[in-house]
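Chains as they are written, first to last, in our numbering: chain A, 16 to 107; chain B, 3 to 486.
Just so you know, these hints were derived from the structure itself, not from any lab.
We put the beta carbon where it would ideally sit given N, CA and C, even for glycine.
Take these hints with a grain of salt, some might be off.
As the list claims (entries may be wrong) - Cβ-to-Cβ under 10 Å is the rule here; a few derived chain B residues that face chain A:
{"id": "1", "residue": "Phe100"}
{"id": "2", "residue": "Tyr196"}
{"id": "3", "residue": "Thr309"}
{"id": "4", "residue": "Leu322"}
{"id": "5", "residue": "Lys329"}
{"id": "6", "residue": "Lys337"}
{"id": "7", "residue": "Met340"}
{"id": "8", "residue": "Arg347"}
{"id": "9", "residue": "Ala348"}
{"id": "10", "residue": "Thr365"}
{"id": "11", "residue": "Ile385"}
{"id": "12", "residue": "Ala392"}
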Amino acid sequence: MKISVEHIAKLARLSVSEEEKELFGPQLNGILSYMEKLDELNTKDVGPTSHVLSLSNVMRDDMPGNSIPREDALLNAPDHTDKFYRVPKIIE
Amino acid sequence: MDLYKLGISEAKKLLDKKEVSAQELLDSIYKRIDTVEDRVKAFITLPKEKAYAMAEASRQAIDAGKPSSLSGIPIAIKDNMCTKGIRTTCSSKILSNFIPPYESTVTSKLGAQGYILIGKTNLDEFAMGSSTENSGFFTTKNPWDLERIPGGSSGGSAAAVAADECIAALGSDTGGSIRQPASLCGVVGLKPTYGRVSRFGLVAFASSLDQIGTITKNVKDSAILMNIISGKDPFDSTSAPVAVPDFAKNLGQDIKGLKIGIPKEYFIRGMDKEIEKSARDAVKKLESLGAIPVEISLPHTEYAVATYYVLATSEASSNLARYDGVKYGFRAEGKDLMDMYMNTRAQGFGAEVKRRIMLGTFTLSSGYYDAYYKKGQQARTLIKQDFETAFNQVDVIATPTSPTAAFKAGEKSSDPLQMYLSDIFTISVNLAGIPGISIPCGFTSNNLPIGLQIIGKHFDEETILKVSYAYEQSTEWHKRKPNL
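Starting from the given sequences, assemble the full structure and let the hints guide the process.
Put into structure tokens, the structure is as follows:
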């Protein structure tokens, strides 16, 4: 087994139940084995493609525009004050 | 007359001549939805009140003699495109209460042309899936056989078009999510060239692959919508600074002498016989219209699914990091901040989304990056080069859209890898960033639709639309309707 579900889930900020570990372990490792088909390819002199367009450093003029008002930006937050998002305390 | 059956251009004629009002057309659509929606289940949200307000605005524009190109046309939008003030869920519990404070560029453009947003359609959660079975809410049914899935991830949009619950729809396509459901529902689905249509306001899944496109009752309607939604957008730096042609202009031109590539890797031993026969018959039809079939090879086809799932999951794991219960969406309780993040994501995401986030986290993690992610990017180069070589020889490429017709709900949902293989014919097109369209090309003996995929060069949607239109006009498949 290549993937330790517990370790990867922690990196991905997902809590997983024992049941999920049992379900995901074989599934993820099965998919990974399938991905390893790519090892058959000789890619020694092949460059990577991250993006299909030949665009780079798309620049624009620094023009001020309209922003979303703060009240609107906060509307969807599960918890907020009149100015800030609020999260559980992180410093004792 | 059953107004809900109309396509865009037919409806527009009646509206502009004032033979039908925008309200009458909208009434007909909502009545149709009332009749069939409890069986089809295509929609998550039906903003009726706003729709009637939009219809009134269209009426005024038409009465003033100034109709826009979509005045009064009821359109459905996949629920991963942000609509200001109207809930946008991505079919995920984590966004089930999300009301966007801004509008996506595509719906702004449709709005500027007077469209009526009739509803937000169901999808696989975050567009991850091929059947809508991964929706966090419910599974959409295939209008041709309610025991079967409509395909995915844009299954709600495709089913809504096939069931005449709208005049046309938008979907999004990362690995086949417009073309595969269009094929399985017997409608027309176009995935444009990457960069042709702005992704601003499209909830991101895999940003180097995602593209918005059209799902329509016929080819001409696809061209009409493409004329509106295409073009460079200052809000999306990956939208391409390429001139937008009139996509409808070449429709009706003949296709004599046009070279159609038939990739041998897409017609393999053991493939579904009915699918193969329909695709080959479609090629013969195109030949009878003057096109020249040419056998070609896309040698890296067998690596496409593996390449896609390395790259798409990697990008997804990064894109979906934003769902942490702070700025929007669902939040679960936790004893501290980390605990809150972990519980929010565990309770907010469904199983397939978790699988993909974990796969992507793994392939990007230290020690595995080169072996998986970089290797995937190199394989992507080879797949892209296959198409570049092929397009030196031919003008378009024709393949089946999907290896099977619509499958039964539950048939593949327990085996993620089997589900991934349903995208085998569509995925390479996203990796190469080129345009592809699925058009109806036949039916199985069970009366399930079969789709033909026509693939084009970068930014050459015009040619695939021209070929599709020529085929459509010489066949009757697109006129068949499901019995609901």
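Tested hints:
1. Phe100: For Phe100 of chain B, the interface hint holds, since the closest Cβ of chain A sits about 6 Å away, which is under 10 Å.
2. Tyr196: Result: holds, 5 Å to nearest chain A Cβ.
3. Thr309: holds (7 Å)
4. Leu322: holds (9 Å)
5. Lys329: holds (6 Å)
6. Lys337: holds (8 Å)
7. Met340: holds (8 Å)
8. Arg347: holds (5 Å)
9. Ala348: Nearest chain A Cβ about 4 Å off; hint holds.
10. Thr365: Since the shortest Cβ distance to chain A is 8 Å, the answer is holds.
11. Ile385: Check passed: Cβ of Ile385 of chain B comes within 9 Å of chain A, closer than 10 Å.
12. Ala392: violated (16 Å)
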